[in-house]
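For reference, each letter of the sequence shown is one residue, going 1 to 227 in UniProt numbering.
It is worth saying that the hints were derived from the structure and are not from the lab.
Since the structure is predicted, the reported quantities are computational estimates derived from the model, not experimental observations.
Possibly wrong hints are sitting among the right ones.
[To be verified] Lysine to aspartate or glutamate pairs mimicking EDC-like chemistry, simulated, CA-CA at most 20 angstroms apart:
id : residue 1 : residue 2
1  : Lys198    : Glu164
2  : Lys81     : Glu164
3  : Lys198    : Glu133
4  : Lys168    : Asp136
5  : Lys6      : Asp109
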Amino acid sequence: MCTGEKRWDVDLLKDLFVQRDVDIIQGVPLSFRDVSDRVCWRWENSGQFSVRSCYRAIIGEITSSEWLGWTEMWRWKLPPKVKQFFWQACRSLLPTKDNLMSRRINCSDVCGLCGMEAESQLHLFIFCPQTKEAWDSVGWSWVEPGAGSFLEQIRREFQVKNIENLCKLIWGCWGLWGERNNRVWGGASNDLKHVMRKARVYVEGWHLAQKGAGGQTNIRGGGISGW
């Protein structure tokens with residue numbers, strides 16, 4: 001790489017590698033942020049290798065799409081668009097900056113909400129400083145955040161929350177994702193606390209509408225209640 005220029009040193013690459021390898025290397029997207037390279041273990045949020053997460057990755061626990069059974073998830077009392085969003089998030093299909101760069105799309109990796117750190121699903125929905133304040137403003141919280149993937153974090157939530165409270169987190173993530181897209185594509189920025197309060201209103205309104213239509217919320221699992 002050319003020091004301080006955030007681009008590959010093509011002349012040096014051609015001196016060291018055959019043309020096929022040069023083309024492959026040039027296809028690797030470079031970060032737009034001025035940070036030093038470091039080796040990271042992708043299955044730990046800290047970036048540090050652990051035998052535990054390595055074992056999980058090998059047996060497929062982290063990458064497995066089997067969770068509660070998607071057939072059951074589609075029966076939850078959520079609007080179809082929110083279910084579709086959640087399904088995409090659990091399968092790491094949302095076009096977050098890290099996913100776009102992994103597909104060799106040349107873009108900045110900076111979070112669309114805080115504008116400071118690299119954007120991933122875990123950062124966007126849980127670890128982003130602005131996101132944390134937004135969750136706190138409505139009294140919603142995550143259980144021991146620090147999982148290797150969004151799906152693994154959702155598994156942790158299900159162990160201690162019932163479906164109704166888990167759905168609140170899904171509504172919140174859906175609101176954050178909408179605001180992120182609004183900012184990335186040049187729309188007016190809204191205060192994230194307002195976005196989260198609006199998500200809470202959606203939750204209340206949706207449940208009232210379901211009860212008025214004779215539907216009942218499908219509840220199972222453990223036991224945290226209230227906001």
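### Query
Taken at face value, is the distance from the CA of Glu133 to the CA of Lys198 at most 20 angstroms?
15 angstroms, holds
### Message
So if I understand the rule, the pair passes when the alpha-carbon distance is 20 angstroms or less; does Lys6 with Asp109 pass?
### Response
13 angstroms, holds
### Query
Between Lys198 and Glu164, does the CA-CA distance stay at or below 20 angstroms?
Cα-Cα ~17 angstroms, so holds.
### Message
Does Asp136 sit within 20 angstroms of Lys168, going by the straight-line distance between their CA atoms?
### Response
The given pair, whose Cα atoms are some 13 angstroms apart, holds under the 20 angstroms limit.
### Message
Run the distance test for Lys81 versus Glu164: straight-line Cα separation, threshold 20 angstroms.
### Response
17 angstroms, holds
In this structure, every one of the numbered hints holds.
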